[in-house]
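Enquirer: What follows is the residue order along each chain.
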Amino acid sequence: MMVVLHTIFSGLLCLQCISSVICTPQKDYFDEELLLKPLPSGHVYAYFQFTTLWDVDFEATSFQHCHLFPRALGEIVGRYNVQELHISLTEGLWRHETWGYPVHDAAPGAELWAWFKESTKNIDKTWKELAGALSGLLCVSFNFVDASNSLNPEFTFRPAGIVSSGAVNSSYLRYSTLPREIVCTENLTPWKKLLPCDAKKGLSTLLNAGHIHNTNYHSLGLHLRPVCRDTTCSQMSVELRQTVSLVYDMVILGTGNQDWSIKKLFGIGLSGACPLATMSNIYIDIALNETGAHFQLTPTPPAVITSTRGGHKSKFAVYDIKALDIDGMFNIAAVYSSSRVYGVNIPPVLFANRYIIGYGQERGGIVTKLHNGHWQALDVVYLENIPWFIPLYLHTLKIVANGKEIKPLLKRFIPGKARARPYYLEVALRLPARSITEISLEFDYVFLKWQEYPPDANHGFYIGAAVITSLLPVGRNYTGLPQDGSTITSSFNASRDGYLVQLRTETLIITMPTPDFSMPYNVICLTCTVIALAFGPLHNITTKRLRLKNKEQNYVIRWFKSKLTRSSEMKEKQS
Amino acid sequence: MLIQFLCFILVDRGMILKEETSDGSTKGEDAEDNDAYRIFAAIAYAVVLIVIGLPLWWKTTDVYRVSLPYSRIAALDSLDVTLGMNISISTIDPARGGRLVADLKDIFKTSKLFQLTFLALPLEKKDLASVHSPEDLENASLQPRKPGELLLLEVPGLSRFTANHVLAGLKRTVYFSSETTAVKLSEVLESWLLQEKSLRQTVAAMTAPTETDQDRSGRRRMPTAAEYDIMITVVNPEPEKLHLNWDLPQAVQDYLEPLLQELSLLAAYAVKSQWLYFVTLNVQPKLVTETSGSGYQHYALAEDILPQIITPLEKKLASHVSRNPCLNFIVYIPPCEAAPLHIYRRQGMRVKGGVDAFLSPRWGGIVIHNPSSLICHNTSVPEPKEYSPDTAAIMGIFLAQLRLLMGIPELKEISRVGQLPLSTVSLRQWEFDALLRVRTLEQLTSAKLTLQSLSQLLGEISNIVINDAVGSSIYRAVNCVEHAADLLKTGQLDQAFNESKEAFLSAEAAFTDPSLLALLYFPDDQKYAVYIPLFLPVMIPVILSLKSIHAWLFGRMNFKTKLKED
Chain A
1 MMVVLHTIFS
11 GLLCLQCISS
21 VICTPQKDYF
31 DEELLLKPLP
41 SGHVYAYFQF
51 TTLWDVDFEA
61 TSFQHCHLFP
71 RALGEIVGRY
81 NVQELHISLT
91 EGLWRHETWG
101 YPVHDAAPGA
111 ELWAWFKEST
121 KNIDKTWKEL
131 AGALSGLLCV
141 SFNFVDASNS
151 LNPEFTFRPA
161 GIVSSGAVNS
171 SYLRYSTLPR
181 EIVCTENLTP
191 WKKLLPCDAK
201 KGLSTLLNAG
211 HIHNTNYHSL
221 GLHLRPVCRD
231 TTCSQMSVEL
241 RQTVSLVYDM
251 VILGTGNQDW
261 SIKKLFGIGL
271 SGACPLATMS
281 NIYIDIALNE
291 TGAHFQLTPT
301 PPAVITSTRG
311 GHKSKFAVYD
321 IKALDIDGMF
331 NIAAVYSSSR
341 VYGVNIPPVL
351 FANRYIIGYG
361 QERGGIVTKL
371 HNGHWQALDV
381 VYLENIPWFI
391 PLYLHTLKIV
401 ANGKEIKPLL
411 KRFIPGKARA
421 RPYYLEVALR
431 LPARSITEIS
441 LEFDYVFLKW
451 QEYPPDANHG
461 FYIGAAVITS
471 LLPVGRNYTG
481 LPQDGSTITS
491 SFNASRDGYL
501 VQLRTETLII
511 TMPTPDFSMP
521 YNVICLTCTV
531 IALAFGPLHN
541 ITTKRLRLKN
551 KEQNYVIRWF
561 KSKLTRSSEM
571 KEKQS
Chain B
576 MLIQFLCFIL
586 VDRGMILKEE
596 TSDGSTKGED
606 AEDNDAYRIF
616 AAIAYAVVLI
626 VIGLPLWWKT
636 TDVYRVSLPY
646 SRIAALDSLD
656 VTLGMNISIS
666 TIDPARGGRL
676 VADLKDIFKT
686 SKLFQLTFLA
696 LPLEKKDLAS
706 VHSPEDLENA
716 SLQPRKPGEL
726 LLLEVPGLSR
736 FTANHVLAGL
746 KRTVYFSSET
756 TAVKLSEVLE
766 SWLLQEKSLR
776 QTVAAMTAPT
786 ETDQDRSGRR
796 RMPTAAEYDI
806 MITVVNPEPE
816 KLHLNWDLPQ
826 AVQDYLEPLL
836 QELSLLAAYA
846 VKSQWLYFVT
856 LNVQPKLVTE
866 TSGSGYQHYA
876 LAEDILPQII
886 TPLEKKLASH
896 VSRNPCLNFI
906 VYIPPCEAAP
916 LHIYRRQGMR
926 VKGGVDAFLS
936 PRWGGIVIHN
946 PSSLICHNTS
956 VPEPKEYSPD
966 TAAIMGIFLA
976 QLRLLMGIPE
986 LKEISRVGQL
996 PLSTVSLRQW
1006 EFDALLRVRT
1016 LEQLTSAKLT
1026 LQSLSQLLGE
1036 ISNIVINDAV
1046 GSSIYRAVNC
1056 VEHAADLLKT
1066 GQLDQAFNES
1076 KEAFLSAEAA
1086 FTDPSLLALL
1096 YFPDDQKYAV
1106 YIPLFLPVMI
1116 PVILSLKSIH
1126 AWLFGRMNFK
1136 TKLKED
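Protein chains in written order, with this note's numbering: chain A, 1 to 575; chain B, 576 to 1141.
With the rest of the complex left out, here is chain A:
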């Protein structure tokens, strides 16, 4: 097994050598990879990663001349002094309990976080401008990101790439989520335009909107960071990872059995690798083949890698697209021996869920449940991101583990300020072994100014996902890439001291007290009418005086009077 791996690695290295000779002026490499993982629940997880590595200093001037790196993004990064940039656009919720951990965890909706360079002057302003530019680039509502919904968490987010100084100053970090954002084709199209092969060649041809948006979960990602150029780390490179995570439900695809294939999932076969790519691989996780439902891959994989990571063994079938001689369309199919057999679900070590408590239109609460299935205590950092219009009370923070209240190791709280700053709460906890820990907080429902309600106010207001960060001691269910690696290949046999996971919980939706929006106009009309009605008599009483006219009464009144008297006389006569 090791031999196979070694040859693949050496082959890879060789490829890189050759290409570095070819592209003398622009030293940049592009890799495309697809990881397919059948999940025990019968779902299929497809993870695309397009990695661009560019041997250049991470400076604003470097981004003026781009080769494989997308120029549109480079211009933004250079202009706004960005050190690191992470974007995810997600529809649906990743179910950690049944699906394990994804390669990149993403909060439902849009999520954006960036580190700025230390030379940046006005970070809040730059952040707003950066978000605005990105909103134009990816057609996302990032233009609504500003200081009033951004945090700079101290512990949860660390720079993912290399940093110049050891001390990390979180004042250069901004994090924001837009939980209400709906991700659709309009985001996918500009996202695909950033790839060097666009959607014309290679694995990106599999990304067809119709077959992406019918999934249970789909997430677009864009991660930019500076990395080491070599092992000595004396020089910097720029790494851009563009990712797509998809979870297909084979029941929804409606085939009546568990079989899946590239053609069935993406609606199209693969016509070949992107000619600009150094590496173009498809990996299929076949570990479940042995423990769960048995399936057969056609064509038979040219290579199989066994990866041991954190005491957990997994097997991957590897298809090197560049080496394949593809004539027409290439397809990989998994045929199951039995129609519906699902594997035993072993939930991952750490997962969480979250819900709203309370009743009525006045007081509410948020409860987050952290499940620790490990036999040891786990240290986690819990980040709460509550919008300013939900006043939160720190004194109501209660952390109960298995019925016993526990004290947090660390607590950071910055109360929100209306229209200026969200509520920021970061808690470091030690979760006892095999425990369920409940973190609860209470808040009030408040009225907003009438113009601050969104167009569909009765739909409710979203609360962004909480982020739970932990360093897991075991690699079970873990698919993430190691920090020193760029490609999926680097995650094979990458045993480390700990495995960083960042879980995003559910986003919540609450119904705020909503006024009747026609009220202001009604009030104006009513007030005007009352004033007008009151003013007339008042003016008359104070400025006019009733006086008897000596002249004969008006003809009409006389006629009226005579009529009346006559009718009353008649009545009298009748009686």
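Simulated from the structure, these hints should not be mistaken for laboratory data. Hints should not be assumed to be uniformly reliable.
Residues from chain B that face chain A, not an exhaustive set, calculated with beta carbons under 10 angstroms [what the hints assert, rightly or not]:
{"no.": "1", "residue": "I614"}
{"no.": "2", "residue": "A617"}
{"no.": "3", "residue": "I682"}
{"no.": "4", "residue": "K684"}
{"no.": "5", "residue": "S686"}
{"no.": "6", "residue": "K816"}
{"no.": "7", "residue": "F1097"}
{"no.": "8", "residue": "I1107"}
{"no.": "9", "residue": "L1111"}
{"no.": "10", "residue": "I1115"}
Just so it is clear, CB atoms sit at the ideal spot from N, CA and C, and this is done for glycine as well.
Got chain A; can you put chain B on it based on the hints?
Expert: Quick look at chain B alone, frame taken from chain A:
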């Protein structure tokens, strides 16, 4: 029942009326006093509502607007824009110099735009003694240094260097031979160095775009801006077949930077480059086989479908950050199967000089660079074939296109008049001066027009807010326009340019400031929906009571005069 109720009310009223009349007849004096009180009350209402209320309402709902120099803006219409300029004429024979000065003065007397001052400058023979080539002339010490000035220098025996009678130098000097006449010199001045006609047309086209059209160079020139983006895009439609070896940043550094450095006084430049793969032209070139024996096969792209090439490229050229106008330069390198690709004119001829490039006015240029046939036809080379594009050829075309796009015009040919070829520099100083003049006039005219349309707009739409910042930039623009015009008259071209740039930028900033629109869309119907139900019922009795106040006041006056008369 109802009728009975009405009856009761009427009877009741009648009773009250009766009572009052009995009161009134007994206490006549009291009634007079009461009347006065009532009138005072009516006056009080009128004062509170009309004298205090109305101005208060006006003040609080007024749109904030700084007082602006409307009269000065209107006066810009008759602003006298003339370009003052010193032209020295150096001849060895002072008498000939005097004659030339007089003749040229006479010729340029009618100029509406230029106020030329010709000076005769004595020239010593020894000044020209060491001159052995035109380059030596360039290095002579008598070159004018001030932007906008010119020297016409007589060089006896110019025919030693060139066949031409007149030779325009690289700096601010024109060399002419001893046999050159004043008419010839005036022609060179008029159509090469001053270009009055083009300048006047530029201004006319800006002020009355429906009546006059820009001339050729005016249509091509990029609009004025403080900064330009220059984007170079290399399009390689099939990278799996052809691999390009080209250090683009280095090429930009070597070829474009020197020119941009010289143009940096005009504006700032940001050069960017990108590579695009799998982008095709979206047009089908025709295969042409040359009949003349050789059987040379190539592909032809008709000139009239060239605009269709730009559209599919456009979506990859936009910037999400920069607001500057962008000049796009595109190198299209066709794959070997579709090479060589040539641009054909409508008459079925290849374009002049065999250069497969075209320029899109105010947009940029496209170069089709065919990979060499040596590489394409060599079957022993595996794909992707390596190819290093000819940097000098491509960049040369880009430079020429950049000059045109920046507004350096092509010169009309005049017989026996030539210019020194560009060597170490990429821009002649007199060309730069001419460019400065065009830009100054353009910016002045633009600032003037912007200010005038803003002032007209403010007159027409009362809802536009003018805050202090916008107000101050309007003042600055007006000041700068006036100052620039003064400087132009005295011939300080570079300072005039800077002032006009400031005027242009300030005027643009004022006109496009988002704060102008703050109240623009506050709908009038909503305003009236609120005001009418409130103000109409309140104001009608108050206004009607004015009549009785008036009657009462006059009645009192009449009464008093009567008393006096009595």
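Enquirer: For which of the previously enumerated hints does the structure constitute a violation, in increasing order of number?
Expert: 3, 4, 5 and 7
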